[in-house]
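Can you join these two chains into the complex? Each is in its own frame, and there are hints to help.
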Amino acid sequence: MSFAVPPDMEKELDELVTHYPQKRSASLMFLHAIQERFGHVSQEAIEWTAKKLDLQPINVYELVTFYPMFRQVPLGKYHVKVCRTLSCALGGSAELREHFCQKLGLDAKEHGAQTTKDGKFTVEFVECLAGCGTAPVMMLNEEFHEAVTIKKADEMLARCK
Amino acid sequence: MPQEYRLILKHADEPGYTPDIDCYMRNGGYETLKKALSFQTKDLPDGKKQTPQEQIRQEVTTSGLRGRGGAGFSCGLKWSLVDRKSGKPIYMICNADESEPGTFKDRQIIHKDPHQLIEGMIVACFGNDVHLAYIYIRGEMPEGARILNRALAEARAKNFLGKNILGKGYDLEIHIHRGAGAYICGEETGLIESLEGKRAYPRIKPPYFPAILGLYMCPTIVNNVETLAAVKHIVQMGGAEYAKLGTPNNTGTRIVSVSGHVKKPGYFEVEVGKATLGELIFDEKFGGGLRDGRKLKAIIPGGSSAKVFKAGEKFKVKRKGPDGQLTPVEVDLLDLPYDFDSLQQAGSMSGSGAIIVMDDSTDIVAALANLSEFYAHESCGQCTPCREGSLWMSKALHRLTNGHGRKQDADYLIRIAQGIQGRTICAFGEACSWPVLSFINKFKDEFEARGARDEAKHSSSAGAGPSGEMRIAASPQH
Ligand SMILES: Cc1cc2nc3c(=O)[nH]c(=O)nc-3n(C[C@H](O)[C@H](O)[C@H](O)COP(=O)(O)O)c2cc1C
Ligand code: SF4
Ligand code: FES
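If you read the protein sequences in the order shown, they are chains A and B.
Numbering of the first sequence is given in my numbering, commencing with residue 1 and proceeding in unit increments.
Numbering of the second sequence is given in my numbering, commencing with residue 1001 and proceeding in unit increments.
Isolated chain B (complex conformation) (with noise of 0.2 Å):
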């Protein structure tokens, strides 16, 4: 049975272990970072020379980490994009601005442990030569942004941040930067034009890449909080340690994010790929199961933006068999491993790492109505398709969810959510049209029923009214 495997929040959760320097460094902080700032260049095989530098990167490379923030892109891919001819300075950003919907995985990094989210930033710096970077955090985290203020003023005293780092000639200065309340910030071109003061419309790309032209249209690179907290474990244990963790190519461990109708929500660090979809809902250790006498109905597997499973789904997944070949072979829902690629071979993603559970009490008509609503008012609004279509989605599923709606409505939804999807500067486009599209296809006969059953209503009593206060699922017992 899979067990929670705690690396990045290990200490977080220890009774009296608190946020200050003092305690951090009790329990081994910035060992790490004097690692990384006396390494040596190496004289590799083939003759040539390994800067510290190039060795970190190597590391995070072998490492075979994958970013946590939503898209799950090679970590050490990403950092090799990084334009580094330019004579540009290259700037950090670490995105914290947490805001895909069922994800609260980056709170507790910064709340209970933010020395180490600090460590890890410092270390990728070096590794990245960088020397001016930004935390970016969402501004309903006061909180947060206070708690990392007063622990970079900690790392600058002990001269972990500032000029010539511990003698070893390496500057850096790290900001914290509050976001205010748009979800959009999150996307990473949308929180550098935040980052420069301006709207945070997302750029297009190409021409914007960030890791060419980014913050200030310099060379910029963006993480995840829990991914740069990763670094810093990879670099203290080596990237061929880190692999070792988790699955092939879904490698180390990772904070996931359950919330919605099970016994337990929580924040579980799992092994990638170790812990099954239905071990984290239904385990002891994780979820604990449904409330009592409820039966599953629908799974969100990454964040609100992932398209949802129904309960009893079958996927053909790869898996690997005794003589090393690939077989596609049937998996249930429940039995998927909670990795990036298994959720990808099922036709959704992993995301941000937030599993929503919804129960058979869940009427699947409103909870998409409330996505629908988060999204048309997250929409930035540059792009036609998303700002209008993100709008008319989310009106047309009120109308359902209000008895005002229509049988073919299934239908005109999928159709404006096709038309969003692929066409518009950001992946919002996808996120918004995403829950549509799949709860539409997969739970049809519920909201063509909910059109048709409100279409009969009103010819036989012209005028009903609406039918009350929207309630998405039974209410929890308080």
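Next comes chain A alone, as it looks inside the complex (with noise of 0.2 Å):
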């Protein structure tokens, strides 16, 4: 499958770059607009974004793996990030991982992210994600979800068609 930028999104990347008085400064920018939209930064988006920015591929690589929110291979259709740092653990955060991959299959025991095997989900411990007053919080795909209860789990899932 090969690479191909749409004219809405390639106008709307020309005018981040307008942004910054050096190009190279937009890469962080541009690599969140491919990853909403194609789900993941791939070696040919790398490449196109080199290109773009005047760089060399390694540039734009560096960031990919330095960053740990890019990806070079796309993820379920609903991440679920739940947080795994010290507020949210002495909240139940643990627990509710836990819970997250008993009911969808996967091994709590695993480190890392986790894909269930038809693609829907992805499961995932990350840092603080500054709700500690609401422990625990996690995030499905964009959105931000506090004091997540067993139940509200249950009920964020039940949503995800």
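Hints in this document: simulated from the structure, not taken from any laboratory.
Beta carbons are placed, not taken as given, at the ideal position from N, Cα and C, and that holds for glycine.
Don't take every hint at face value.
Away from chain B, derived, C-beta distances all over 10 Å, residues of chain A [to be verified]:
| no. | residue |
| --- | --- |
| 1 | E44 |
| 2 | N59 |
| 3 | E110 |
| 4 | T116 |
| 5 | D118 |
| 6 | C132 |
| 7 | E142 |
Pairs of lysine-lysine residues, derived as DSS-like cross-links and limited to a Cα-Cα distance of at most 27 Å, are as follows [said to hold, decoys possible]:
| no. | chain 1 | residue 1 | chain 2 | residue 2 |
| --- | --- | --- | --- | --- |
| 8 | A | K152 | B | K1112 |
| 9 | A | K109 | B | K1457 |
| 10 | B | K1198 | A | K23 |
| 11 | B | K1198 | A | K52 |
| 12 | B | K1163 | A | K23 |
| 13 | B | K1457 | A | K23 |
| 14 | B | K1163 | A | K11 |
Okay, here's the thing in structure tokens:
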């Protein structure tokens, strides 16, 4: 599958470049836009971005490998990110992640992001999401959810079609 | 009894208060910007002239404002260090990376009152002759980024941004830049690298002080969200008036994030130093006390990087007596005024203003293991002591929480931590070693007992497996 950026998106990206005195600065915003649209950042996307910003592909590739939010392979349609860090751990985030894993047939003992076989869900532990006062917190794709009980988690999963 | 004092969060949680510009302007929004832009050059008694920009900077210096991002550095002093003679443009960056574990205050401002931040930022930019500025927001706040983008567009439409703002001949543009999940982007020089489109590898100081060689090697000011929101109020009410809030050298208000084992976790804006640590945790108006039947075990007072306090600790803190002299007095942990200086004198820091409370159900070894895993994950990897040390500490703590500890692990961990602090490019080195040093120094018996227990177990039954899933504390009632 070759990588093609639709014209409307390219226009948006060209506008982003104008925000910065140096083109290279736009690379993180490019990668966000690409990942939002295509679900991940492919090798072709890296090369395309490098060309657009007058960079070498390695300059873009090293960003994709450094910043935890970027991924080179597609993940599940629904991405569950449960906060792992202390305040949420004190508030039951380990139990919450375990519950998601059990419900979705994933192995709670495994580390790192895990995706269900049907490609529908990815469950992952992430670090503090700046919502520690309403622990445990999580994100479902771009939505932020606070004080997530087991019941709330089940309702959330039921809504994921 | 201390109360909340809502200056920055005055409207944030009012019913019907929305983040759009009309609502903001109905509540007096952008009046401070108009005021700032109409300052006239003033003749000083000594015959010198003071430009409007200098007046704004003077107000901020007079206010005593200290940075709310973590270091508590004087904002006026930071601004005075900017190289204004280089002929290069001066940039301003708002640090909205909010990622110090325990901290969730900037999120409130961004989501509920974004124009207040933007107005503060425009005033700060005007006062520092900045014409291009960025808000660096962490990647995990996509909604925050959308809210800010909408707010910036509204401000542009009203000519609070753009060319010739309100006909006063001042040009300014502000753009949103999103991070992508790396804690180290909160460190100001890492943030600058990231904004240049590179890996967020912090720069070594000297020579790369942002005030001189910052973004694109130009003079740059990096300020936290809450700091810039405070600037709006300082210029509105005057620096001297602002300085009356709070306590000497710890002026103004500050949004404190309280999380962990309290009945009412949340964010509370208080006058700095007017509430004690104990009040913020136990008072009904704030944290509301511990869960029923629980006792206090430990407090992390300023975000996860701050050194932990153990329940019952006492400190020598300098207090001004009736004669105006500073004399050291003994203060109980819970009576420490929650301000920059008191916490520093007690050996920790108020950092990002985040208090994490742990009750007696907490497994202190597991709590430290949790934090160390965070730092091992977030080290940027440039400095060997930090890259290797943060991982060693996390691994040793993982062993201790999984039934494979040794009695000497406590000392081993301290040795690693001591090998990191002071030997790295950025303050992350301290951030990752301070929790280890303080947890182990203050709860050494628990760390040693855990290791000793594992050793005994292994000598009696070779090959005992891990003790199972790690649980840090009694589960909350769901
Ligand atoms: C490891 C590390 C992480 C940091 N994270 C943040 C952060 O998330 N937000 C923030 O405002 N400052 C953070 N800081 C502090 C910034 O480097 C900088 O001091 C601050 O943004 C300056 O703003 P202020 O003077 O207004 O506080 C961090 C510092 C270090 C060493
Ligand atoms: S101290 Fe750690 S985080 Fe900071 S520059 Fe060195 S390796 Fe990176
Ligand atoms: S610890 Fe989970 S949001 Fe901060």
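Problem set entry | Closest CB of chain B to the CB of A/E142 still more than 10 Å away | At about 5 Å from chain B, A/E142 fails to clear the 10 Å cut-off, so the statement is violated.
For this session: Test the statement that A/E44 is away from the interface with chain B: the closest C-beta pair must be farther apart than 10 Å.
Result: The claim holds: A/E44 sits with its nearest Cβ about 19 Å from chain B, beyond 10 Å.
Problem set entry | Agreement of B/K1163 and A/K11 with the hint, judged by alpha carbon distance not exceeding 27 Å | This hinted pair holds, its Cα atoms lying about 23 Å apart.
Exercise. Quick one, are B/K1457 and A/K23 close enough, alpha carbons at most 27 Å?
Worked result: violated, 60 Å
For this session: For the pair we were handed, B/K1163 and A/K23, check the Cα-Cα distance against 27 Å.
Result: Holds, at about 22 Å.
Exercise. CA of B/K1198 to CA of A/K52, is that 27 Å or under?
Worked result: Roughly 16 Å separates the two Cα atoms, so the pair holds.
Exercise. Was A/N59 rightly flagged as not at the interface, with every chain B Cβ beyond 10 Å?
Worked result: violated, 8 Å
Problem set entry | Given hint B/K1112 paired with A/K152 - CA-CA distance at most 27 Å | At roughly 24 Å apart (the allowed maximum being 27 Å), B/K1112 and A/K152 satisfy the hint.
Exercise. Since A/E110 was said not to touch the interface, does its Cβ keep a gap of more than 10 Å from each Cβ of chain B?
Worked result: Given a closest Cβ separation of 13 Å, the condition holds.
Exercise. Taking only the CA atoms, is the gap from B/K1198 to A/K23 under or equal to 27 Å?
Worked result: Since the Cα atoms of B/K1198 and A/K23 sit roughly 12 Å apart, the hinted pair holds (cutoff 27 Å).
Exercise. Closest CB-CB distance from A/D118 to chain B, is it above 10 Å?
Worked result: holds, 26 Å
Problem set entry | Assertion that A/C132 lies farther than 10 Å from chain B (Cβ) | violated, 4 Å
Checked against the numbered hints above, the structure violates hints 2, 6, 7, 13; every other hint is satisfied.
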